[in-house]
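Given the coordinates of chain P, work out where chain U should sit on it, guided by the hints.
There are 2 protein chains.
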Amino acid sequence: MSIDIPETNFPRVVIIGGGFGGIQAAKKLKNKEVQVIMIDRHNYHTFQPLLYQVATGGLEPDSIAHPLRKIFKNQKNFIFRVAEARFIDGEKKTIITNIGDIHYDYLIIATGSNSNFFGMKDIEEHAMPMKTIPEALDMRSLVLQNFESALLTDSLSEQEAFMNFVVIGGGPTGVETAGALAELKNHVLPHDYPELDIRRMQINLIEGGPRLLGAMSEQASEKSENFLKRMGVNIRTNERVLGYDGEKVELGSGKALESKVVIWSAGVRGETLPGINKDVVVGGNRFKVNTFNQIEGYDDIFAIGDVAAMITEDFPRGHPGVAPAAMQQGVLVAKNIVKKINDIPMEPFKYFDKGSMATVGRNRAVVDLGFIRFQGMFAWFVWMFVHLMTLVGFRNRVVVFVNWVWSYFSYDRGTRLIIRRFEKQADKKLDPIEV
Amino acid sequence: MSIDIPETNFPRVVIIGGGFGGIQAAKKLKNKEVQVIMIDRHNYHTFQPLLYQVATGGLEPDSIAHPLRKIFKNQKNFIFRVAEARFIDGEKKTIITNIGDIHYDYLIIATGSNSNFFGMKDIEEHAMPMKTIPEALDMRSLVLQNFESALLTDSLSEQEAFMNFVVIGGGPTGVETAGALAELKNHVLPHDYPELDIRRMQINLIEGGPRLLGAMSEQASEKSENFLKRMGVNIRTNERVLGYDGEKVELGSGKALESKVVIWSAGVRGETLPGINKDVVVGGNRFKVNTFNQIEGYDDIFAIGDVAAMITEDFPRGHPGVAPAAMQQGVLVAKNIVKKINDIPMEPFKYFDKGSMATVGRNRAVVDLGFIRFQGMFAWFVWMFVHLMTLVGFRNRVVVFVNWVWSYFSYDRGTRLIIRRFEKQADKKLDPIEV
Numbered sequence: 001m002s003i004d005i006p007e008t009n010f011p012r013v014v015i016i017g018g019g020f021g022g023i024q025a026a027k028k029l030k031n032k033e034v035q036v037i038m039i040d041r042h043n044y045h046t047f048q049p050l051l052y053q054v055a056t057g058g059l060e061p062d063s064i065a066h067p068l069r070k071i072f073k074n075q076k077n078f079i080f081r082v083a084e085a086r087f088i089d090g091e092k093k094t095i096i097t098n099i100g101d102i103h104y105d106y107l108i109i110a111t112g113s114n115s116n117f118f119g120m121k122d123i124e125e126h127a128m129p130m131k132t133i134p135e136a137l138d139m140r141s142l143v144l145q146n147f148e149s150a151l152l153t154d155s156l157s158e159q160e161a162f163m164n165f166v167v168i169g170g171g172p173t174g175v176e177t178a179g180a181l182a183e184l185k186n187h188v189l190p191h192d193y194p195e196l197d198i199r200r201m202q203i204n205l206i207e208g209g210p211r212l213l214g215a216m217s218e219q220a221s222e223k224s225e226n227f228l229k230r231m232g233v234n235i236r237t238n239e240r241v242l243g244y245d246g247e248k249v250e251l252g253s254g255k256a257l258e259s260k261v262v263i264w265s266a267g268v269r270g271e272t273l274p275g276i277n278k279d280v281v282v283g284g285n286r287f288k289v290n291t292f293n294q295i296e297g298y299d300d301i302f303a304i305g306d307v308a309a310m311i312t313e314d315f316p317r318g319h320p321g322v323a324p325a326a327m328q329q330g331v332l333v334a335k336n337i338v339k340k341i342n343d344i345p346m347e348p349f350k351y352f353d354k355g356s357m358a359t360v361g362r363n364r365a366v367v368d369l370g371f372i373r374f375q376g377m378f379a380w381f382v383w384m385f386v387h388l389m390t391l392v393g394f395r396n397r398v399v400v401f402v403n404w405v406w407s408y409f410s411y412d413r414g415t416r417l418i419i420r421r422f423e424k425q426a427d428k429k430l431d432p433i434e435v
Numbered sequence: 001m002s003i004d005i006p007e008t009n010f011p012r013v014v015i016i017g018g019g020f021g022g023i024q025a026a027k028k029l030k031n032k033e034v035q036v037i038m039i040d041r042h043n044y045h046t047f048q049p050l051l052y053q054v055a056t057g058g059l060e061p062d063s064i065a066h067p068l069r070k071i072f073k074n075q076k077n078f079i080f081r082v083a084e085a086r087f088i089d090g091e092k093k094t095i096i097t098n099i100g101d102i103h104y105d106y107l108i109i110a111t112g113s114n115s116n117f118f119g120m121k122d123i124e125e126h127a128m129p130m131k132t133i134p135e136a137l138d139m140r141s142l143v144l145q146n147f148e149s150a151l152l153t154d155s156l157s158e159q160e161a162f163m164n165f166v167v168i169g170g171g172p173t174g175v176e177t178a179g180a181l182a183e184l185k186n187h188v189l190p191h192d193y194p195e196l197d198i199r200r201m202q203i204n205l206i207e208g209g210p211r212l213l214g215a216m217s218e219q220a221s222e223k224s225e226n227f228l229k230r231m232g233v234n235i236r237t238n239e240r241v242l243g244y245d246g247e248k249v250e251l252g253s254g255k256a257l258e259s260k261v262v263i264w265s266a267g268v269r270g271e272t273l274p275g276i277n278k279d280v281v282v283g284g285n286r287f288k289v290n291t292f293n294q295i296e297g298y299d300d301i302f303a304i305g306d307v308a309a310m311i312t313e314d315f316p317r318g319h320p321g322v323a324p325a326a327m328q329q330g331v332l333v334a335k336n337i338v339k340k341i342n343d344i345p346m347e348p349f350k351y352f353d354k355g356s357m358a359t360v361g362r363n364r365a366v367v368d369l370g371f372i373r374f375q376g377m378f379a380w381f382v383w384m385f386v387h388l389m390t391l392v393g394f395r396n397r398v399v400v401f402v403n404w405v406w407s408y409f410s411y412d413r414g415t416r417l418i419i420r421r422f423e424k425q426a427d428k429k430l431d432p433i434e435v
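Sequence lines, in order, name chains P and U.
Everything in the first sequence is counted per UniProt numbering, starting at 1 for the first residue and increasing by one.
Everything in the second sequence is counted per UniProt numbering, starting at 1 for the first residue and increasing by one.
Chain P with its partners taken away, still in its complex shape (with noise of 0.2 Å):
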C-alpha cells in the first residue's frame, strides 16, 4: 500500500531521520528542484547533547526538542511524515513504513545510532539507557522515585543500594551525567531530603579503557578525572562490567556494586534498516560508505552520520559520531544529489574538525580545539556558548539560558518532578500508584 504524498515532477528524495545530518541535508534542499520527504519516529528534533540535562532535572524536555515541521515551515519542497521505516527495497527504489510505502529516487539514510548494549541482555533489561527524551524522562523519574524509595525502608545496605549510582562509559555522557548527578548530590538533594543522609550517596563512573573522553586529549582527560573526583565521584577506569541484574553491578575484577540505577553511555551502533545488503554492515553496525557517502553497492542511496562508516586513510574506524560531522555530511549529500541529477561530478567529504568539548560541572569543562587546550571556567562558558548556539530554534535557546542563569545562581535544580512514573525496576514491594 503506497501512502498518499503528492507527486511532482521533481526527482523525490527521501530522508529518514530528523536528527542533525537530516536536518542540514533537507535544508540544504530548499529551493532546489526536488521534492523533500522527511519520515521521523517523532515529530521533533531531540538535541541529543543536553538529553543528560533533562535526566538529572537541569532542563525540561521540551526545552531541547523541536517540532519538525515549525523547521521547514517556510520550505515549500518539503514533506514530512511521522513514521518509522521498516524495510529498504533497493530494485523497487521503496521503503517499506509502518503508514505505507514510499518511493523514492534518492535516499538519504539518517537514522543515527541507539544504545549499544554489545549482546548483554541483562544490561538491556535493566539499565537505563539515555539516546531520546522519553528515556531521559524515565531517568529522571528513576533517579527521583529511588530518593522517595531510600525513605521507605529501614535496611541501610538497602537504602545505599537506592543511592548508589553507577554510570557506564567514561566518554562525554558518562562524564557530563556523572558531574551533573554529583552537582545534586552536592547542592539540591541534601535540601530535598533532610532525612537521608546524602553524603553516603555514591556516583561511580566506570570506563573500560585507561581513560576518561578517550577521544580528547590526555590533558582534557587528566582535567575531567580531577574534576569529577573534587566533586566526588569515584572513577574506576581499566575496569569492564560483566552484568547487571537490576541489583549488582558485577566488574570484570571480581568487585560488584550494589545499586538500582545503572546508567548505560559505553556504546552506540548505527540504526541501520533492513533490505540493503548485509555485507556493507560495518563495525559499530554502520552502512560502508564512499567518500560521496553512497552506501557501498547502491548508486542513489547515501547514509550520514553515525549510521555511516566512511573508512579513509585518516580516519580508519570512519569520522566520530558526534553532530558536525553528521551535519557537515548531510550538506554536503544535499549538494552532491544536487549535482548527481544535473550530471555535474560529485565532490568527496572532507571533515572539519570542530574541535570537542565536555562539561564537568559549573565552571568546569574541558576544551580541545586542535593545539589548543583548555580547562575550567573559561572552557565552561565556552561549552554553554556553542551549545547554545547549535540549539535549534530562538525560543528553545531563551527557556534554556534563562535556565542555566537561573541555576547558576540559585545552585538549584527547577524540574524535580516525577511526571511518569518508570515502572521497569520500581520498587516491586509497592502497590503502584495510578497516575
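It is possible that part of the hints are untrue.
Treat identical chains as interchangeable: a pair holds within one or across any two.
As the list claims (entries may be wrong) - Straight-line distance between alpha carbons at most 25 Å, and here's what the computed DMTMM-like set of lysine to aspartate or glutamate pairs gives:
| no. | residue 1 | residue 2 |
| --- | --- | --- |
| 1 | K350 | D4 |
| 2 | K32 | E195 |
| 3 | K27 | E195 |
| 4 | K131 | E423 |
| 5 | K73 | E195 |
| 6 | K229 | D4 |
| 7 | K76 | E195 |
| 8 | K32 | E247 |
| 9 | K131 | D4 |
The hints are simulated quantities; they were obtained by calculation from the structure and are not laboratory data.
This structure is a prediction, so every number in the text was calculated from the model and none was measured.
Frame of chain P; chain U shown alone:
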C-alpha cells in the same frame, strides 16, 4: 504495617494532598508545635488553572508544576511522602496508604476533585479529561497525532473527523481550551500543515446551561461568547451530551458530531476517601463540613477545598471550587488546629471572594471583581498578572513569562511535541511506533 516516620512529642497533623489548600495549611503550621506530614500521589504541586495551556502546546509541563519538597525545604517540622491514601480509619486515627499506615492526631483532607462523568461510561472511556499533567500531555499528543493522521487518509469525512474538536462544558476550563484551540487553528496549524485545509477544522463548545461561564456575570458570558465566535468557535448552549463512542458525540437535540477528540470539562466530583461515614458525602461527592471545616461527626478530621461542602445561607451549595476558597480554608484550618491544641475556641470560616476571570485568547479576557466588570485587553493583562503571581516558584514565573512574551510577539506555540504517543484511541489501523 506502619511506615517509618520519626515520632516527635508534638501532635501530628497529616495533610492528604499538595494542592492549593494543602500547601497553605502546611505553610501556616511552620514553626508551630506540631509535626506536619503531607502525602500526595505526585511529588509536585500542579497549577491546574494553566493545564489547558500545556494541553494546547503553549506551556511546558514542568513550568506549571513545582516539587513539593522544594516548597517546604526550609520547614523543619514538615515531612513529605509520595503515597496514595486508600482508607481512613477514624477509630484508630490511622490512614491506610499504598506505602503503609500513618497515624494522625489531626487530619486535613485536601484531595481536591477529579473529572465527573456523571456515570456516562462511554464518555469516561473515550473523552479526554484535563485534571492532571499526564492527562494534559496525553491531550497534547492526541491533538497533534490527529493532524498527522488526517494526512494519511483520502477520505474527506474522515479527515474532518480528525479535525473536529468538541469541548464539553462551558466553564472557565472549557472556554479557555476552546479559545486556545482556536488560536492554534488561526495562527499555528496552517503553517505546520500546509497540505491540510485547516479552515475545515472545527471547534465546538457545548454547554448544558443557557450561557457560558455560568458562575460569572451575564456581561462576562456575553463578551466571552462574542470573543469565541469571532475566533471561529461554534457555541451550542442549552445542549446536553448523551454519549460518545470514540467516533460520534450524540447530543440531546438529536444531532450528532463526528469527532476524534472530545475534551471533557463539564464537571468535577470531590476525591472523597473510603472509611469516612458515607452519610456525610453530599452533592458533588463532597464531605459535608461545618464552619470550621470539620467533617460532620468527626472532631479531628477536616476537609478543605474542592472535596469540602460547607453549606451556609450565603453558599447553599458550598463555596466555589476555586483556588482562593481552598487556600483560605487551608490557612484557617491550620490556625484552628493550633487553637484546638491549645484549647482556644476555633474561628469560623468566612470566604473572601476575590472575583473571577477567564481568558479567551490574546488580548481577550473577562474579569468580574464584584460589581467591577471589564473585558478585553486590560482584562487579559490582569488575568496574566494574577496567574503569574499565583504560580508557585520564582523560576516557574520567569519561564512562563518568557513563554508568554514569546508567544505574544511570534504568534507561535513552542511545544508542539508528541513526547509520548497517546494510544487510547489512536488510529487503530496504524502499526504503533515504539518510542
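We went through each hint and held it up to the structure:
In this homomeric assembly, K350 and D4 never come within 25 Å of each other (Cα to Cα): the closest approach is 38 Å inside a single copy and 63 Å across copies. Within a single copy, K32 and E195 get their C-alpha atoms only as close as 63 Å, which misses the 25 Å cut-off; across copies the closest is 19 Å, which meets it. In the homo-oligomer, the alpha carbons of K27 and E195 lie at most 25 Å apart only across protomers (19 Å), although the nearest pairing inside one protomer, at 53 Å, exceeds that limit. Taking CA atoms no more than 25 Å apart as the test, K131 paired with E423 passes in both settings, with 19 Å inside one copy and 22 Å between copies.
Within a single copy, K73 and E195 get their C-alpha atoms only as close as 51 Å, which misses the 25 Å cut-off; across copies the closest is 11 Å, which meets it. For the homomeric pair K229 and D4, neither the shortest alpha-carbon distance inside one copy (57 Å) nor that between copies (34 Å) is at most 25 Å. For the identical chains of this complex, K76 and E195 are inter-copy neighbours only, at 10 Å across copies versus 58 Å inside a copy, given an alpha-carbon limit of 25 Å. When the C-alpha separation of K32 and E247 is checked against a cutoff of 25 Å, the pair qualifies neither within a copy, at 55 Å, nor between copies, at 42 Å.
In this assembly of identical chains, the alpha carbons of K131 and D4 never lie at most 25 Å apart, being 31 Å within a copy and 37 Å across copies at closest.
Of the numbered hints given earlier, the model fails hints 1, 6, 8 and 9; all others are met.
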